[in-house]
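K.L.:
FYI, my numbering numbers position 166 of the sequence shown as 235, with every residue one higher than the one before it.
Rather than coming from a laboratory, the hints here were simulated on the basis of the structure.
All C-beta atoms in this analysis are idealised placements derived from N, C-alpha and C, irrespective of residue type, glycine included.
Treat the hints with care, since some could be wrong.
Below, computed lysine-lysine pairings styled on BS3-like, alpha-carbon distance capped at 27 angstroms [claimed, not checked]:
| id | residue 1 | residue 2 |
| --- | --- | --- |
| 1 | Lys96 | Lys258 |
| 2 | Lys116 | Lys258 |
| 3 | Lys117 | Lys96 |
| 4 | Lys138 | Lys116 |
| 5 | Lys138 | Lys198 |
Label pairs and their in silico Cβ distance ranges [as the list claims (entries may be wrong)]:
| id | residue 1 | residue 2 | range |
| --- | --- | --- | --- |
| 6 | Val156 | Met135 | 40 to 48 angstroms |
| 7 | Asp222 | Met125 | 40 to 48 angstroms |
| 8 | Ile148 | Asn208 | 30 to 38 angstroms |
| 9 | Arg224 | Thr267 | 29 to 37 angstroms |
| 10 | Asp142 | Phe120 | 39 to 47 angstroms |
| 11 | Ser202 | Phe120 | 33 to 41 angstroms |
| 12 | Ile148 | Val239 | 37 to 45 angstroms |
| 13 | Val188 | Ala93 | 30 to 38 angstroms |
| 14 | Pro83 | Met125 | 46 to 54 angstroms |
| 15 | Ala159 | Ala226 | 57 to 65 angstroms |
| 16 | Ile269 | Asn240 | 44 to 52 angstroms |
| 17 | Leu228 | Ile148 | 32 to 40 angstroms |
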Amino acid sequence: MSQQNNGHEHEFEPELGLPEPLPAGEKILWQGSPDIADMAYRVFHLKKFVFYFGLMLLFRAVSYVMEGKSTVDTLFAMIFPAVLTVVALASLTTLAWLTAKTTVYTLTDQRVVMRIGIVLTLTFNLPLKVIESAGLNLNAKGFGDIPLKLKGDDRIAWLNLWPHARPWMVNKPEPMMRCIPDASVVAEKLVQAWSNSTGIAVEPADRVEKAVKNTVNWNPSLT
Numbered sequence: 070m071s072q073q074n075n076g077h078e079h080e081f082e083p084e085l086g087l088p089e090p091l092p093a094g095e096k097i098l099w100q101g102s103p104d105i106a107d108m109a110y111r112v113f114h115l116k117k118f119v120f121y122f123g124l125m126l127l128f129r130a131v132s133y134v135m136e137g138k139s140t141v142d143t144l145f146a147m148i149f150p151a152v153l154t155v156v157a158l159a160s161l162t163t164l165a166w167l168t169a170k171t172t173v174y175t176l177t178d179q180r181v182v183m184r185i186g187i188v189l190t191l192t193f194n195l196p197l198k199v200i201e202s203a204g205l206n207l208n209a210k211g212f213g214d215i216p217l218k219l220k221g222d223d224r225i226a227w228l229n230l231w232p233h234a235r236p237w238m239v240n241k242p243e244p245m246m247r248c249i250p251d252a253s254v255v256a257e258k259l260v261q262a263w264s265n266s267t268g269i270a271v272e273p274a275d276r277v278e279k280a281v282k283n284t285v286n287w288n289p290s291l292t
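With the hints as constraints, model all of the structure from the sequences given.
P.N.:
This is how it looks when you write it as structure tokens:
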């Protein structure tokens, strides 16, 4: 069993990330949580906000200087917006940290379980047989997202899933495991488990990209 998680466990959970003990014979193939830094940068766009607020502060400082204000006056004028900037960025960082710490994704040989939620904890059980297709979005550091398209009319409200939902898929939301370390390895495990569960053969592959393409709609740029 491969386990990668951030150590958070609710007291009411009989097993980490699971609302009840697994049935006899069902095995955990992988369990993990989002990477906190990747969650902050890619999901909550921390770098973009840092750049935006930095430009705003620079613009304000330049404006005061061009108006002939003294250095002291300029510095005093920068204090309040600088404090607001720090509070805003700290809030985003905290939200990313809480999101990652309270999330546990579990892949078994029968289903995908997503335990999510900061204040209100929700657990979604997604049997592999109801998953129509999946995707893999990797970045250069190996972190990635795996969206899951469900068959038929099965759907979960987008607001219940966010931010664990594929972007822009609002009418029929797709649950998405986000910011997973070693996402290609997880995708390969998902492919094999899906194949075993559905009975659809998967050709052996030396690369996870090939394995994923053989069974799901692989897309390197889903977000």
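K.L.:
Each of the hints needs a verdict: does it hold here or not?
P.N.:
Hint check results:
1. The hinted pair formed by Lys96 and Lys258 meets the criterion: a straight-line CA distance of about 12 angstroms does not exceed 27 angstroms.
2. A C-alpha spacing of about 32 angstroms is found between Lys116 and Lys258, which places the hinted pair above 27 angstroms, so the restraint is violated.
3. About 41 angstroms separates the Cα atoms of Lys117 and Lys96, which puts this hinted pair outside 27 angstroms; it is violated.
4. With a CA separation close to 31 angstroms, the supplied pair Lys138 and Lys116 exceeds the 27 angstroms bound.
5. A threshold of 27 angstroms between alpha carbons decides the hint, and for Lys138 with Lys198 the separation of about 68 angstroms lies outside it, so the pair is violated.
6. Evaluation of the 40 to 48 angstroms hint for Val156 and Met135 yields a failure: the beta carbon distance comes to about 27 angstroms.
7. Between Asp222 and Met125 the C-beta distance comes to about 46 angstroms, which sits within the given range of 40 to 48 angstroms.
8. The supplied range of 30 to 38 angstroms is met by Ile148 and Asn208, whose beta-carbon atoms lie about 37 angstroms from each other.
9. For the pair Arg224 and Thr267, the beta carbons lie near 20 angstroms from each other, so the given range of 29 to 37 angstroms is not met.
10. Roughly 26 angstroms separates the CB atoms of Asp142 and Phe120, a value that falls outside the hinted 39 to 47 angstroms.
11. Between Ser202 and Phe120 the C-beta distance comes to about 35 angstroms, which sits within the given range of 33 to 41 angstroms.
12. For Ile148 paired with Val239, a C-beta distance near 41 angstroms keeps the hint of 37 to 45 angstroms intact.
13. Val188 and Ala93 have their C-beta atoms about 34 angstroms apart, which keeps the hinted 30 to 38 angstroms range intact.
14. One distance hint, 46 to 54 angstroms for the beta-carbon pair Pro83 and Met125, holds here, with the actual separation near 49 angstroms.
15. Checked against the hint of 57 to 65 angstroms, the pair Ala159 and Ala226 fails, with Cβ atoms roughly 30 angstroms apart.
16. Restraint check, Ile269 to Asn240: a C-beta distance of roughly 27 angstroms breaks the suggested window 44 to 52 angstroms.
17. Distance hint check for Leu228 and Ile148: the Cβ-Cβ separation is about 37 angstroms, which falls inside the suggested range of 32 to 40 angstroms.
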